[in-house]
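There are 2 protein chains.
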Amino acid sequence: MKVIEKIRDSTLDGRVVFSFEFFPPKTEDGVDNLFERMDRMVSHNPSFCDITWGAGGSTADLTLEIANKMQNIVCVESMMHLTCTNMPVEKINHALDTIKSNGIQNVLALRGDPPHGQDKFVQIQGGFACALDLVKHIREKYGDYFGITVAGYPEAHPDVISENGVATLEAYQNDLAYLKRKVDTGADLIITQLFYDTDIFLKFVNDCRQIGIKCPIVPGIMPINNYKGFLRMTGFCKTKIPSEITAALEPIKDNDEAVRSYGIHLGTEMCKKILAHGINTLHLYTLNMEKSALAILKNLGLIDDNKISRSLPWRRPTNIHRVKEDVRPIFWANRPKSYISRTIGWEQYPQGRWGDSCNASYGALTDYQFMRPRSRDKKLQEEWGVPLRSIEDIHERFMNYCLGKLKSNPWSELDGLQPETKIINEQLGNINLKGFLTINSQPAVNGEKSDSPVVGWGGPGGYVYQKAYLEFFCSRRKLETLIEKCSNFPSLTYMAVNKDTQWMSNVGASDVNAVTWGVFPAKEIIQPTVVDATSFFVWKDEAFEIWSRVWASLYPEGDPSRKLLEEVQSGHFLVSLVDNDYVNGDLFAVFSDI
Amino acid sequence: MKVIEKIRDSTLDGRVVFSFEFFPPKTEDGVDNLFERMDRMVSHNPSFCDITWGAGGSTADLTLEIANKMQNIVCVESMMHLTCTNMPVEKINHALDTIKSNGIQNVLALRGDPPHGQDKFVQIQGGFACALDLVKHIREKYGDYFGITVAGYPEAHPDVISENGVATLEAYQNDLAYLKRKVDTGADLIITQLFYDTDIFLKFVNDCRQIGIKCPIVPGIMPINNYKGFLRMTGFCKTKIPSEITAALEPIKDNDEAVRSYGIHLGTEMCKKILAHGINTLHLYTLNMEKSALAILKNLGLIDDNKISRSLPWRRPTNIHRVKEDVRPIFWANRPKSYISRTIGWEQYPQGRWGDSCNASYGALTDYQFMRPRSRDKKLQEEWGVPLRSIEDIHERFMNYCLGKLKSNPWSELDGLQPETKIINEQLGNINLKGFLTINSQPAVNGEKSDSPVVGWGGPGGYVYQKAYLEFFCSRRKLETLIEKCSNFPSLTYMAVNKDTQWMSNVGASDVNAVTWGVFPAKEIIQPTVVDATSFFVWKDEAFEIWSRVWASLYPEGDPSRKLLEEVQSGHFLVSLVDNDYVNGDLFAVFSDI
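Which chain is which? The protein sequence lines are D and V, in order. full-length UniProt numbering numbers the first residue of the first sequence as 1 and each following residue consecutively. full-length UniProt numbering numbers the first residue of the second sequence as 1 and each following residue consecutively.
A portion of the hints provided could be inaccurate.
Given that identical chains are not distinguished, each listed pair holds provided it fits within a single copy or across any two copies.
Derived BS3-like pairs (lysine-lysine); straight-line CA-CA distance at most 27 Å [to be verified]:
1. K485 to K449
2. K485 to K523
3. K422 to K238
4. K6 to K379
5. K485 to K273
6. K485 to K434
7. K120 to K91
To be clear, the hints were calculated from the coordinates, so they are not data collected in a lab.
Build the full structure now, drawing on both the sequences and the hints.
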């Protein structure tokens, strides 16, 4: 979706929206950390996130890669910066073709700073001289596909700011006129350069309106994080610093904590003033940091850790080809990035269900890389790489995870349990100790309000439902006992399969069981999570592979623990169990006397 | 669906299935009555119904028409008889092409009796000599499209039964061998000629199996309805009558009631014996009569008036092109035949929703004929054609209908209220008296068991839901009051439109509101009834037209009552009102102080 459309929708609804800007980190660990941070920040529903294009195109490949993963794996509407510096038109087109094919619809078109060590911007041969040329080119070559954002300079472009720190009136007006040309040529949104004098921004908006610029103008807010950085950045951008800010910072400049607190306070006050003037969009220059930006939004009441609202039980994709995806197998519930990554070639949603397309282009598990940041591997090594003397030691690992004593799990991408799992974690602990090693579950939900904090999704006014679900590994003997007991619990349906694809089930091969659904005013029933045999068969390969690829590989070759895990992997069944009676059922009752 | 597939499914599930045979009545009233009767009988879920082909093709056109309406309007899986008598191959093909294009998949292929006044069957030029030729032709020309049934003669074909009432062993064996050839050539099901000696039927089945006939053999049961008819039929078919039957009938032969009772008793006993021998199919020759056939099935425990099971809230279509239809607008809930009739050109279900195809081939109201039998017109005249002095008289009609004091309603095809309407009929009566003239409604249902007698559907093990719904005509003033009050009831959504298409609503034009849905084990959520603006717009023409075309037309030209109705028609709005809170809502609360 184009960011401009999201902003228009929010304006109609009277909602305030905000966005976050990031830059490409210099190290692999930095990239890992950025994605983890971004993932957390995206749970607060920014309208979009953008990623910068390093000076002189220095980060081109990394920026393209990050933009792709932001859009498709983190699932946030993404905007990529693109500059003319050192970019012949072929490179420009390559970048645009790449993001287009990755389902990204938003570009921030810039002239760009000169590359490091160079003083002034120089147009290269076969390249563009300015952002205006770039906007024109994008519209000419790609029509309406892209939403195009351009930069607005409330104090005029730094190039025309003289040594006394201000632009002449003429220079300022020329700059405004140039901005209008960028908009007239096809840009649909303006984000401003950072500023610390809110009145200058408000005057700038007013001046833009005076000369007929009608598109939204989003203020770019950069929270002050530390004193030196602040000076460097404002110096580079020739930003005016109001004297009261200088006065407030001077006495605390060596106390990083105090500077950050002041930065949050200042950012909050600036935003309050902007919002009070009827501007409903805020863009935060995060400098890849999380705390200050979130603190400001919390102060403004725009986010609430206890009220994370979800439009679906899983994070809705933003890729233009995939935005209609409306159903997912439950099996990947704790591995959403694995799911998205492996189905990334599926462009036809909601038709792209497993039954129709599992043979087409399902990615291999080896493709699935960046979603296992090194920090998680370390945690796994520490919590799961312990010596295993017997099967009971394995049972205990699973139990401890369910009881919250471990934070990591080889079968989960998440940090710790999902909030709803905590509703049933004691019961889960019990059955794990009995040798039913759970890797996925959900409690039954019978018509909770759709804005209830733990199980709600889809916004207010509706009711949500879940069938109780358990997925676990267990031995053949335990499985047979369980199946026997199932005959006394007619509302239970199960599917079980081992590594060699031996199959036991009491449902049809083509049955699709909706296990999460919601009823909303004036809407059809939404049923985003299902249990079905076709995708279970695909999932089981991944589920079994994790025993060796993720867990056993924590031990050296030949280690007895490793051998034990491989025995479990080849001897156990993977079982999917649904209690279809979400009103009166008790999924754990069938385990009670095993 | 082919009948053989339905029988195979039922055999797998161990269910007993039954079917009804009808013949084309001689008069138009007779046809009206047959359809009303068939409609009632079909509510007991026969696996199929068949319609005979008059001797010598005398009823060809009528049989084709009835078969079409059985399949498409009554919505029962239909089988058409087709005989060779007087039928050149072009006529055969025309008949088969016709039923194929009408979505019928089942044919009973017969040689046929000689036409009236002719002694023996004579092959006409360009025609077929026997059922075997016909079966061969159907398979050659239509491949696997049709399920083909043939007749089996437990006592051999009447033509080879000599004057002493029995066929020679050789004739019987030839007849069996001929039956095997019919099956080998492509018939997939056998229905037997009527019999009254069950042992003969059981021996016949056994003899068939001995020579390798493997398809199901369905016993044809003809309940004795009156003595003379019984003698005529058994004489014509040369059916053996066991002496105990003769002995039982002789003393009561002039008492029709006693004969019928005996017929029910005898039919029940015959069927019991057949079922006890592991045969799970029964075919009833109804002679277009209802009572005896249903009484036998009731005695056998195969039907229960208090437990009519519905697979959906509306009767599922059987037309091969339409069998996947899975959703309907609620507006035609009391006029299902009108709905089917007007959408009969829509072959693509479930894609054939209003939003996609309302412009394509929606039939005019004038096309809608046979669904208004003369008897209903008479009832309407009597109950609704009364002098109307004021608008209050109109309110009173509507109220009385809701209170069950009237049986007919211009806006309904049904006899009286739907069972679920009785849950809310007092409340409906109240608002009708206030001038909210209801023509459609349903109570809220919050997770009733899916086999509950009044609101259940879809079989056992699930839960069904409904949002409370009201549809009514009211004046503009009343509508405005109502809309004002709606602001205090945020769970209400409404659409209102008048004859001139003035529109008021608090929902989006493309919103589709599921108002009936069900949750079943190992299934996706089924949502068969919706409220949406697109189809409401189409429906409103029919709803407004009924004021004049059905109600006002009960009065002579110039009658003051007629004028009053026309005023209401042009001044009132049609309003559709949903309470989206099916858990805690009260749809009638908004009316309480109007």
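Structure-based check of all given hints:
| no. | hint | result |
| --- | --- | --- |
| 1 | K485 to K449 | between (34 Å within a copy, 24 Å between copies) |
| 2 | K485 to K523 | between (39 Å within a copy, 22 Å between copies) |
| 3 | K422 to K238 | neither (52 Å within a copy, 77 Å between copies) |
| 4 | K6 to K379 | neither (38 Å within a copy, 58 Å between copies) |
| 5 | K485 to K273 | neither (65 Å within a copy, 38 Å between copies) |
| 6 | K485 to K434 | within (15 Å within a copy, 58 Å between copies) |
| 7 | K120 to K91 | within (21 Å within a copy, 90 Å between copies) |
When the structure is compared with the earlier hints, violations turn up for hints 3, 4 and 5 and for no others.
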